[in-house]
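Chemist: Now for the letters of each chain:
Protein chains: 4
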Amino acid sequence: MNDVKNLKIAFIGGGSRGWARNLMCDLAQEPALAGKVYLYDIDKDASDKNAKIGNLLTAREDVVGKWEYISCDNSKECLEGADFVIMSILPGTFDEMESDVHAPEKYGIYQSVGDTTGPGGCVRALRAVPIFYGYAKEIEKYCPNAWVINFTNPMAMLVAALYRGFPGIKAFGCCHEVFGTQEILAKVADEKLGIKATRDDIKINVLGINHFTWIDKASCKGHDLMPLYGEYIKDHPEGVSPDGGHWANGAFDTLELVKFDLYERYGVIAAAGDRHLAEFTPGSWYLSSPDRVAEMKFGLTPVSWRKEDLAWRIEVQNNRANGEPFEFYKTGEESVRQMKALLGLESFITNVNMPNRGQMENMPLGIVVETNAFFGSDEVRPVCAGKLPFVVNSMVTRVAQNQEAIIDAAISGDYELAFQAFANDPNVNLSLKDARALFNEMLYNTRKYLPFYEQYAKTQK
Amino acid sequence: MNDVKNLKIAFIGGGSRGWARNLMCDLAQEPALAGKVYLYDIDKDASDKNAKIGNLLTAREDVVGKWEYISCDNSKECLEGADFVIMSILPGTFDEMESDVHAPEKYGIYQSVGDTTGPGGCVRALRAVPIFYGYAKEIEKYCPNAWVINFTNPMAMLVAALYRGFPGIKAFGCCHEVFGTQEILAKVADEKLGIKATRDDIKINVLGINHFTWIDKASCKGHDLMPLYGEYIKDHPEGVSPDGGHWANGAFDTLELVKFDLYERYGVIAAAGDRHLAEFTPGSWYLSSPDRVAEMKFGLTPVSWRKEDLAWRIEVQNNRANGEPFEFYKTGEESVRQMKALLGLESFITNVNMPNRGQMENMPLGIVVETNAFFGSDEVRPVCAGKLPFVVNSMVTRVAQNQEAIIDAAISGDYELAFQAFANDPNVNLSLKDARALFNEMLYNTRKYLPFYEQYAKTQK
Amino acid sequence: MNDVKNLKIAFIGGGSRGWARNLMCDLAQEPALAGKVYLYDIDKDASDKNAKIGNLLTAREDVVGKWEYISCDNSKECLEGADFVIMSILPGTFDEMESDVHAPEKYGIYQSVGDTTGPGGCVRALRAVPIFYGYAKEIEKYCPNAWVINFTNPMAMLVAALYRGFPGIKAFGCCHEVFGTQEILAKVADEKLGIKATRDDIKINVLGINHFTWIDKASCKGHDLMPLYGEYIKDHPEGVSPDGGHWANGAFDTLELVKFDLYERYGVIAAAGDRHLAEFTPGSWYLSSPDRVAEMKFGLTPVSWRKEDLAWRIEVQNNRANGEPFEFYKTGEESVRQMKALLGLESFITNVNMPNRGQMENMPLGIVVETNAFFGSDEVRPVCAGKLPFVVNSMVTRVAQNQEAIIDAAISGDYELAFQAFANDPNVNLSLKDARALFNEMLYNTRKYLPFYEQYAKTQK
Amino acid sequence: MNDVKNLKIAFIGGGSRGWARNLMCDLAQEPALAGKVYLYDIDKDASDKNAKIGNLLTAREDVVGKWEYISCDNSKECLEGADFVIMSILPGTFDEMESDVHAPEKYGIYQSVGDTTGPGGCVRALRAVPIFYGYAKEIEKYCPNAWVINFTNPMAMLVAALYRGFPGIKAFGCCHEVFGTQEILAKVADEKLGIKATRDDIKINVLGINHFTWIDKASCKGHDLMPLYGEYIKDHPEGVSPDGGHWANGAFDTLELVKFDLYERYGVIAAAGDRHLAEFTPGSWYLSSPDRVAEMKFGLTPVSWRKEDLAWRIEVQNNRANGEPFEFYKTGEESVRQMKALLGLESFITNVNMPNRGQMENMPLGIVVETNAFFGSDEVRPVCAGKLPFVVNSMVTRVAQNQEAIIDAAISGDYELAFQAFANDPNVNLSLKDARALFNEMLYNTRKYLPFYEQYAKTQK
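Residue numbers (our numbering), protein chains in the order written: chain A, 1 to 461; chain B, 1 to 461; chain C, 1 to 461; chain D, 1 to 461.
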């Protein structure tokens with residue numbers, strides 16, 4: 001049994017100004033656990049600063065979760081003997097992301113996020129999958145019994161890459177997008193039933209793939225919310241405004257009109273932000289033009305915004321590393337609770353991304369799906385989630401299977417297979433010639449982070 | 001949504017002196033629920049008495065769960081519009097069970113229970129499966145949305161019969177045998193870790209078929225109990241005495257030596273009473289003779305004991321119906337908690353019997369398996385339990401598949417198929433000629449409760 | 001065993017001027033079989049005429065297969081005791097098909113055939129599925145052991161409808177589209193290897209769904225044709241002209257450019273006519289406008305052409321019924337050979353449409369797929385065809401799963417489900433509002449043949 | 001494409017006096033193929049002699065298949081660049097087999113063959129599986145595109161070992177046991193229908209595992225043989241005498257009474273020799289004592305007989321190597337025909353052993369099963385064989401799953417797992433203590449050929 005007061009957490013991407021900050025905040029507030037957090041980042045300066053911030057935190061009197069933070073020189077030092085591994089990296093820089101998101105625009109392809117699916121998600125995966133595949137092999141070597149929690153996008157493909165690199169890995173992907181939909185359902189419960197419900201009161205069955213997840217059953221204290229959601233949509237033809245939004249959701253709030261339209265199409269609830277959902281359907285539905293996006297009241301997050309936002313985050317990081325005081329906050333994330341459950345301190349059910357081994361019917365085995373799972377002592381067991389209606393499954397498996405090809409291509413460095421999958425994306429609706437020109441351009445733009453670009457380059461001739 | 005203060009429970013076998021009594025006791029102590037319980041039994045006098053007892057209970061001041069009990073004339077009255085259906089019947093009488101259990105003895109076949117598998121379980125299933133199949137059709141007609149909880153043995157085959165009769169049924173089977181093994185594990189935690197644990201502290205992964213269920217992962221507050229169980233066995237070569245045993249376990253206590261021997265054979269924990277476990281393995285292992293049974297320190301429950309026990313139960317029932325006061329007790333059963341969860345009042349995980357839809361790998365889909373499941377608002381979702389080691393699965397699927405043939409035979413009235421399955425049972429190790437003679441005798445003995453006996457009789461000529 | 005000289009064939013749609021004619025021609029040339037053909041058609045006059053033609057044939061001296069043809073008054077007479085049932089009907093008339101094919105044009109949706117998928121295939125299925133479902137129930141009653149051969153489109157959905165109506169049915173669907181691709185491969189063998197090959201020399205592995213079938217392995221006398229096909233495409237940038245085309249392929253020849261483009265996209269061979277293939281991919285690829293169709297050198301078959309063609313066929317039928325002599329021809333169809341195999345007279349492998357029971361991986365079980373199968377005495381056993389590359393499977397399962405919803409909707413009369421599937425079709429790329437208007441119009445146009453239109457109409461209000 | 005006149009066949013176990021002789025004989029009579037056969041054997045003298053015999057054959061004028069035979073010094077030379085690999089070895093010597101077969105007798109366990117299942121088959125597998133696993137890795141290195149044909153027992157476990165060592169291997173196992181049952185069915189056709197049929201006329205559907213294979217459908221020229229087989233059994237209560245038996249079947253002829261008894265038990269046809277079949281059922285059925293064996297009219301082949309037989313075979317080999325002339329014979333084996341099919345020269349259907357990928361329902365995927373398969377150009381595709389009746393599947397999966405554990409144990413050198421599987425065998429019906437004593441003794445006896453015996457030995461302390 002792990003010693004809950006002497007744990008080792010390895011944080012890959014430990015210079016992060018988002019997830020690392022959240023984790024430190026959550027750990028500081030949890031009295032049951034203690035130990036060391038090893039931060040590793042290719043930007044050593046950033047992980048140094050996070051270590052400083054973490055240790056300053058630990059020194060504070062109001063902090064009940066005492067952790068030592070160590071900035072590492074290499075991944076071996078970070079991983080060796082870890083009880084938990086957190087994966088939170090940026091594959092490449094925002095310059096690469098700029099290409100991912102904006103290069104396709106000249107072909108009329110708009111992307112609201114560009115990190116999960118679509119042309120941007122595909123090329124991002126080509127960069128990130130080999131990295132995760134490599135980390136899986138290191139985890140097999142240095143800490144095969146560790147639980148590995150991934151926060152990086154493209155979530156599903158990267159969890160899959162971990163399992164390809166080390167089939168015995170104990171890994172899952174964690175995503176809060178579903179929580180937002182639970183919050184909308186809490187509003188439904190309030191408006192339709194007069195129940196003031198928290199997210200925890202909203203019981204849902206989740207199934208699908210990350211960012212294209214669906215809810216086919218929802219209740220609040222025994223009341224079926226599915227038909228009420230339909231009524232709620234009718235009552236709000238202009239959409240509903242958010243309560244504040246999540247820190248990671250970026251530039252634009254949405255009014256949930258994509259989500260509502262999908263309910264009208266399919267009768268089940270799409271459970272992710274509209275900016276993600278729009279990218280999984282045929283491009284002509286919600287992303288045909290900036291005007292269409294405006295009409296559907298969501299937003300296209302420009303990478304320029306991310307760059308500005310990053311500058312501000314860096315400043316915050318610097319200030320805090322220099323001792324600027326700050327308040328705790330409720331992050332709304334569940335990783336610390338998950339760790340406690342895996343250590344045997346409690347048990348609960350939440351949604352995770354794991355390879356399908358029966359939890360989702362009519363989806364090929366092995367594909368990483370998002371469903372509820374039971375978290376208990378050293379175990380995460382998916383709950384049988386049933387099957388999506390065939391019309392919805394039709395769309396979900398379309399993308400899920402395309403992603404399998406991207407993963408294979410990224411691991412084997414197979415240019416043609418990567419291109420086949422790229423051209424087959426619902427949002428890449430181009431002639432073969434245009435698709436190839438765009439693909440080549442996007443690979444060229446991001447070649448610094450494509451380990452097999454040379455090979456690509458050769459095959460392109 | 002169901003009105004939790006105005007529920008209708010249909011109790012088939014409502015004259016029962018075991019499960020009905022428990023349910024009344026548990027309902028009386030639960031303040032969250034109220035409504036009416038409709039009792040139906042072919043022995044109307046018995047259900048009348050239970051109704052009296054129930055209503056006397058409700059009149060008591062110390063009772064917080066107020067229910068009206070109604071003894072019905074027919075199953076339609078009982079089932080119509082029910083929110084829950086409880087199935088707890090005796091298929092035939094103890095005279096039939098006497099044949100089930102003791103007729104095979106003249107061929108050297110001994111049975112410790114005789115209600116689940118082996119020659120007795122097979123013939124009992126031939127009587128009970130058609131009854132359950134018929135009730136499923138009535139449930140489809142009168143209360144298709146009800147949750148149906150089965151307590152009757154042979155558990156797995158009868159749950160399967162419900163799904164064959166009405167594939168859309170919301171049914172599961174409930175069995176407390178696993179609880180007993182959790183209690184042994186609590187002793188392990190005490191002895192090996194010094195932890196005073198309750199059954200709820202013992203977290204297990206359950207998989208297999210009813211009464212031949214296995215635990216491949218067990219922990220207590222984060223401590224892995226699997227290796228400790230092995231040590232515990234070594235420390236107790238003479239077995240361990242029970243804490244008192246369960247009301248339904250009948251005539252003999254056991255010292256767990258069958259369970260321990262199976263752990264030594266397979267390295268995983270068999271999770272049912274020894275009297276049941278012994279019947280699933282080849283007869284020569286633990287049931288070759290009364291001496292062997294004595295050596296393994298379990299017991300052969302004679303039906304004469306059941307008859308005496310019944311006489312006493314009837315007396316108790318009479319006395320209580322006539323107003324004799326009695327104490328509440330903790331039944332240890334979970335049905336009321338399950339109902340609360342299904343009504344959306346709480347949620348939890350427990351073991352149930354349901355058709356395999358992916359929760360147990362390497363077991364054909366559709367076969368009724370026992371695993372953990374999540375109970376929530378109007379849903380019971382099995383948890384992915386993984387797979388048994390192949391050596392164990394080899395034995396479990398052997399019996400599970402044989403049971404499928406018995407179910408088919410019972411529904412279609414196929415004498416030859418029933419006989420094939422009978423002769424193929426691990427505990428029926430006879431020449432074809434002897435097997436047929438025994439089978440014919442057992443069918444003849446129980447013909448009053450075999451709806452298709454006539455047909456059988458004809459085909460036998 | 002069936003008496004091969006005294007067979008009964010039931011022909012549903014026996015007034016047919018296409019398949020019936022072919023069958024009579026093939027039967028006339030086959031000396032091994034004899035018996036009676038019962039023709040049933042809602043157009044009794046047409047089946048009378050076919051009976052006349054058939055019997056005139058039998059009377060001819062050069063005819064070696066002697067059959068008596070009987071025009072029936074009802075389906076019971078036709079089916080009772082049949083050894084084989086042929087299903088070849090037109091669901092509705094060409095007036096309904098006119099709506100199927102041309103009504104969507106006002107929304108910019110073009111269809112090259114309109115009988116298998118797309119908006120036309122969907123609405124045609126809504127008419128035809130209930131008919132086939134009904135026939136399956138009659139077959140269960142009147143000739144449960146008959147082998148049922150379907151020629152009617154939408155092939156996959158109608159074979160599925162037969163299995164839904166009578167799960168024990170021995171049915172398969174027969175389609176010659178794959179043969180055409182084998183003929184192209186024979187040209188490849190000629191041009192690249194100098195081998196003069198017949199279709200029979202071209203060995204292929206087939207998998208997918210009807211009219212969206214794929215070849216992932218092709219050889220001729222041990223030579224791998226897959227890479228040679230790629231070279232052949234490069235050698236023929238303008239496409240290749242057909243050898244004459246198949247009698248049923250209708251108005252326009254194609255130059256295979258859609259097929260070639262799909263090979264460039266996916267590296268495997270699409271094995272159906274271009275007019276069918278184009279309808280399974282996103283509408284913007286090959287069907288965005290008549291100009292795009294012209295560029296890809298296939299054709300949009302107008303229903304007016306079918307009507308003219310029918311008038312000519314009726315005239316031919318009339319003339320022949322009146323004794324006009326005619327020549328035999330090689331139909332290229334395989335049904336008579338299939339019957340011989342099922343009767344135990346030979347065995348062979350060919351492609352058929354049957355529910356997936358393992359022959360195609362990564363496709364949900366039960367969905368009707370097209371693969372090779374072994375034909376032997378009273379058996380058709382699919383051959384394990386493996387799996388499509390994920391990118392291709394992504395597209396195939398998209399449509400296959402949508403079709404499942406259409407079948408469910410057609411059988412249950414579920415308007416909303418039918419609409420969901422309609423709106424989800426790759427070639428129906430409309431806003432929800434436009435999709436609904438078009439759907440309603442197409443249902444209204446064809447209401448005479450929609451048994452549940454009333455119900456539809458009501459729910460539309 | 002392979003050059004059919006310049007092939008390379010690698011023969012592992014090339015000193016063999018059985019299969020090698022057959023193959024030379026069959027190759028000599030086949031004019032379509034030519035090339036070189038590389039023989040490798042740990043007994044170099046034996047392969048030298050076989051090479052001499054082969055080359056003498058090639059020099060003969062009446063030989064139409066001209067092959068050069070080369071005796072190799074190592075497996076690399078043998079395998080490098082091979083088109084086909086034949087696996088035919090003896091794992092250990094007949095001394096080891098003597099222990100396999102006879103050591104268990106002191107515990108009352110009798111074995112009729114002892115090379116496939118039972119205690120002997122288990123220990124033989126522990127010797128042979130690591131060898132095959134190793135060859136698979138060499139094949140991956142030296143000839144990854146070769147087709148690998150295995151003739152060695154335990155057939156199913158060794159084919160599985162090949163796939164574990166190199167998952168991309170193109171391997172199958174070849175067994176003629178089913179042919180013998182076809183010959184019995186030919187007698188049935190003669191006696192019951194008056195049809196003089198050859199084995200090729202007997203069409204069967206085969207499913208199960210090697211040597212415990214079943215036929216659930218059999219016909220001859222369209223006549224169903226299944227019910228006739230039942231009548232035939234009734235007509236021959238004393239069994240039927242063989243026509244001469246197969247060269248490899250060894251010491252005793254059988255009268256098929258085990259096969260007949262199994263038909264009476266299950267209604268489907270067991271399709272292997274009685275000596276094999278008896279070993280798969282509980283030991284008490286047919287192998288409880290030599291008297292029982294005599295009663296069932298099959299035989300226990302003593303290893304002493306095999307040793308004498310070997311001496312005679314060696315003499316024949318010596319004489320032929322020295323130029324003694326001999327006649328060709330019909331071997332009845334299919335390997336040459338299989339090679340021709342794989343080279344694209346013909347295609348046909350026959351039974352093979354391959355991992356289950358859907359061809360056999362209700363059997364875990366990956367387990368090596370025996371079913372029919374289609375042999376074509378560079379492909380062996382199993383035919384969907386359906387499922388066994390549950391009662392039979394119950395017995396077959398029992399052994400099949402136990403074998404999976406043996407394979408795992410043999411590859412990983414896991415003593416305890418090997419023992420668990422050993423003790424779980426239907427024919428090892430011993431107390432744990434006796435089972436362990438016997439297991440230890442058998443391992444000790446054969447330690448020279450158990451690569452991981454040291455490790456075993458240590459864990460035994």
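Take the hints with a grain of salt, since some may be wrong.
Remember, identical chains collapse to one label, so a pair may be satisfied in a single copy or spanning two.
[Said to hold, decoys possible] Here are the simulated BS3-like cross-link-like pairs (lysine-lysine), alpha carbons at most 27 Å apart as the crow flies:
#  : residue 1 : residue 2
1  : Lys36     : Lys221
2  : Lys387    : Lys44
3  : Lys170    : Lys387
4  : Lys137    : Lys387
5  : Lys52     : Lys221
6  : Lys106    : Lys192
7  : Lys170    : Lys221
8  : Lys44     : Lys137
9  : Lys433    : Lys234
10 : Lys387    : Lys340
11 : Lys221    : Lys137
12 : Lys297    : Lys433
13 : Lys340    : Lys297
14 : Lys106    : Lys340
Since the hints were made in silico from the structure, they are not lab data. In this text, all values refer to a predicted model and were calculated from it rather than measured experimentally.
Chemist: Which holds for Lys106 with Lys192 at a C-alpha limit of 27 Å: within a copy, between copies, both or neither?
Modeler: Classified as neither; 45 Å inside a copy, 41 Å across copies.
Chemist: When no copy is specified for Lys340 and Lys297, does a C-alpha distance of 27 Å or less occur within a copy, between copies, both, or neither?
Modeler: neither (39 Å within a copy, 42 Å between copies)
Chemist: Could you place Lys106 and Lys340 in one of the four classes (within, between, both, neither) given a Cα distance threshold of 27 Å?
Modeler: Neither. Shortest intra-copy (48 Å) and inter-copy (56 Å) distances fail the 27 Å Cα cut-off.
Chemist: Within, between, both or neither: how does the pair Lys170, Lys387 come out at a Cα-Cα threshold of 27 Å?
Modeler: both (25 Å within a copy, 17 Å between copies)
Chemist: Check Lys387 against Lys44 for me: Cα-Cα at most 27 Å, and say if that holds within a copy, between copies, both or neither.
Modeler: neither (45 Å within a copy, 44 Å between copies)
Chemist: At most 27 Å between alpha carbons: which applies to Lys297 and Lys433, within, between, both or neither?
Modeler: Cα proximity of Lys297 and Lys433: across copies only (18 Å, versus 33 Å in one copy).
Chemist: With identical chains treated as interchangeable, where does the CA-CA distance between Lys221 and Lys137 reach 27 Å or less: within a copy, between copies, both, or neither?
Modeler: neither (45 Å within a copy, 31 Å between copies)
Chemist: At most 27 Å between C-alpha atoms: does Lys52 with Lys221 qualify within a copy, between copies, both, or neither?
Modeler: Answer is neither; intra-copy 45 Å and inter-copy 34 Å both fail.
Chemist: Cα distance capped at 27 Å. Does Lys433 pair with Lys234 within a copy, between copies, both, or neither?
Modeler: between (43 Å within a copy, 15 Å between copies)
Chemist: Between the shortest in-copy and the shortest cross-copy C-alpha distance, which are at most 27 Å for Lys170 and Lys221: within, between, both, or neither?
Modeler: So Lys170 and Lys221 pass the 27 Å test across copies only (20 Å; inside, 33 Å).
Chemist: As a check of your reading, is Lys44 near Lys137 (CA-CA no more than 27 Å) within one copy, between copies, both or neither?
Modeler: within (22 Å within a copy, 42 Å between copies)
Chemist: Check Lys387 against Lys340 for me: Cα-Cα at most 27 Å, and say if that holds within a copy, between copies, both or neither.
Modeler: So Lys387 and Lys340 pass the 27 Å test across copies only (26 Å; inside, 30 Å).
Consistency with the previously given hints fails for numbers 2, 5, 6, 11, 13, 14, ordered from lowest to highest.
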